[in-house]
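**Student:** Heads up: the protein sequence lines correspond to chains H and W, in order. Numbering-wise (the working numbering), the first sequence opens with residue 1 and increments by one. Numbering-wise (the working numbering), the second sequence opens with residue 1001 and increments by one.
Just so you know, the hints here were simulated from the structure itself, not pulled from any lab data. Don't take every hint at face value.
[To be verified] Below, in silico cross-link-like pairs of lysine-lysine (DSS-like), each with a Cα-Cα straight-line distance of 30 Å or less:
(1) Lys86/H with Lys21/H
(2) Lys1121/W with Lys74/H
(3) Lys66/H with Lys1074/W
(4) Lys1038/W with Lys1184/W
(5) Lys1121/W with Lys66/H
(6) Lys1121/W with Lys1086/W
(7) Lys1122/W with Lys1184/W
(8) Lys122/H with Lys1066/W
(9) Lys1021/W with Lys122/H
(10) Lys1122/W with Lys21/H
(11) Lys1021/W with Lys121/H
(12) Lys1066/W with Lys1021/W
(13) Lys74/H with Lys86/H
(14) Lys21/H with Lys1121/W
(15) Lys1038/W with Lys122/H
(16) Lys170/H with Lys47/H
(17) Lys38/H with Lys1122/W
(18) Lys1122/W with Lys1047/W
(19) Lys1066/W with Lys121/H
(20) Lys121/H with Lys184/H
(21) Lys66/H with Lys122/H
(22) Lys121/H with Lys66/H
(23) Lys1074/W with Lys122/H
(24) Lys1121/W with Lys1184/W
(25) Lys122/H with Lys184/H
(26) Lys1047/W with Lys1086/W
(27) Lys74/H with Lys1122/W
(28) Lys66/H with Lys1122/W
(29) Lys1074/W with Lys74/H
(30) Lys86/H with Lys66/H
(31) Lys121/H with Lys21/H
(32) Lys1184/W with Lys1086/W
(33) Lys74/H with Lys21/H
(34) Lys21/H with Lys38/H
(35) Lys1074/W with Lys121/H
(36) Lys184/H with Lys86/H
(37) Lys66/H with Lys1066/W
(38) Lys170/H with Lys184/H
(39) Lys1066/W with Lys74/H
Protein chains: 2
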Amino acid sequence: MQSPVELPTGAALTPDQLEEKLRTVGIERYHIHHPFHKMMNAGELTKGQMQAWALNRFCYQAIIPKKDAIILSKSEDPEFRREWRKRIVDHDGTEGSTGGMAKWLHLAESLGLDTDVVASKKLALPATRFAVNAYVDLVTNEPLMVGVASSLTELFSPVAIGERVPAMLKRYDYITEDTLAYFKPRLQQAPRDADFALDLVRTWATTPERQDAVVNALLTKCDILWAQLDALYHAYVAPGHVPPGAFVPDDSA
Amino acid sequence: MQSPVELPTGAALTPDQLEEKLRTVGIERYHIHHPFHKMMNAGELTKGQMQAWALNRFCYQAIIPKKDAIILSKSEDPEFRREWRKRIVDHDGTEGSTGGMAKWLHLAESLGLDTDVVASKKLALPATRFAVNAYVDLVTNEPLMVGVASSLTELFSPVAIGERVPAMLKRYDYITEDTLAYFKPRLQQAPRDADFALDLVRTWATTPERQDAVVNALLTKCDILWAQLDALYHAYVAPGHVPPGAFVPDDSA
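Bound conformation, chain H alone (with noise of 0.2 Å):
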């Protein structure tokens, strides 16, 4: 993982000002912020480029219950397993169509498209790709505390939500709240998922390198983030060059 901003070494932070710390680095750079997502909930895009952006996203709600079973793999602890468990059980559900990636397979459809196409991931973008297996590594190569960081994004969804679904609501004529049933959870279980996990950090990050390596880490995964809104815009937005081999919505055709 690098280390793409010098942070102050020497005595450590309370956890306090830890969390201060990580609180500024998603203020900062959480991906609420980033061109393509003021386009959405400015009402802005087509219909190919939400398209286009459920299409990719999927890839990233597809590998969530893996960096979470890769987190659980690394625990000692019976009782942290059982808490970091939820998440799997939200993403993957109790049958076919409760977990979070089958809403998210059901808000694609809702917008036209073909949820075999989606789910196969062969027409996303090749950085969305990328992006998403960089968190993967992440939590694969880095210590258990420092992969549980790196979820720390989810203090900050919460806002990005109570943003989005309104504004998508009101500005997309084709956008129903049954096509946007994915978000309405995730806005008690992202809390809980993110008090817990700062908790946590919290208590393990208290020397000044464990401190550097939590705050990477957020910053690695905001990267992870924004790279794969970047990639979209690229590709969707201006000036509109679709990689190779990837989804060319209908309008841009």
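Starting from the known structure of chain H, arrange chain W on it as the hints suggest.
**Tutor:** Then chain W, alone, in the frame of chain H:
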């Protein structure tokens, strides 16, 4: 690894047919066709854009000997290893300044960059890091000969170098033969390496499954190269959205 195109299933191709298919992939998908490279060869890049290219591509140069070491580590055959290790020697040299990586740093320095900053990779685009690491993941996770096949972009690099070097010398007054010293030995090394790899792939990939695997490896490698130029274009050409924390050239600040 994702399969971005559907390949015909059924009977195995002959070695010559397989080679033709691999060469077709390269002809269609090699990054020589990317708008960023076309701009470079046409003399249309600013010095800052050229710096961004050199700084980011260093990340790619830097993982080459690592991915070759992973490939080496998967072979049981001293003859193969003796041949493949030449690649590591070429990139790392026999002393400090003689290898390809050192020559790339020299290129970056000649363009006005601080080599310590370049070598640290900390100002590289996150998308560059993700794409480059996808190459490491590919050779790590796939069988030896699939990793070997991913190197076959070298079949096409002499053409790219043959176009690029004269174009750069002619169209950018701050670029000299000394700046581009990296490329000259590549004109001998790449064909030697590519011929060796192609012979092995032709001999190994005798079933439809293996043939799919080697063709997809080359496609993924082309995607990895293409995605790096997509990210440069997005950040530094149009719309010029530099992701948070990445290199900002003087001439576009």
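**Student:** Run through the hints listed earlier and report the numbers of any the structure violates, in increasing order.
**Tutor:** Violated hints (numbers, rising): 26 and 31; every other hint is consistent with the structure.
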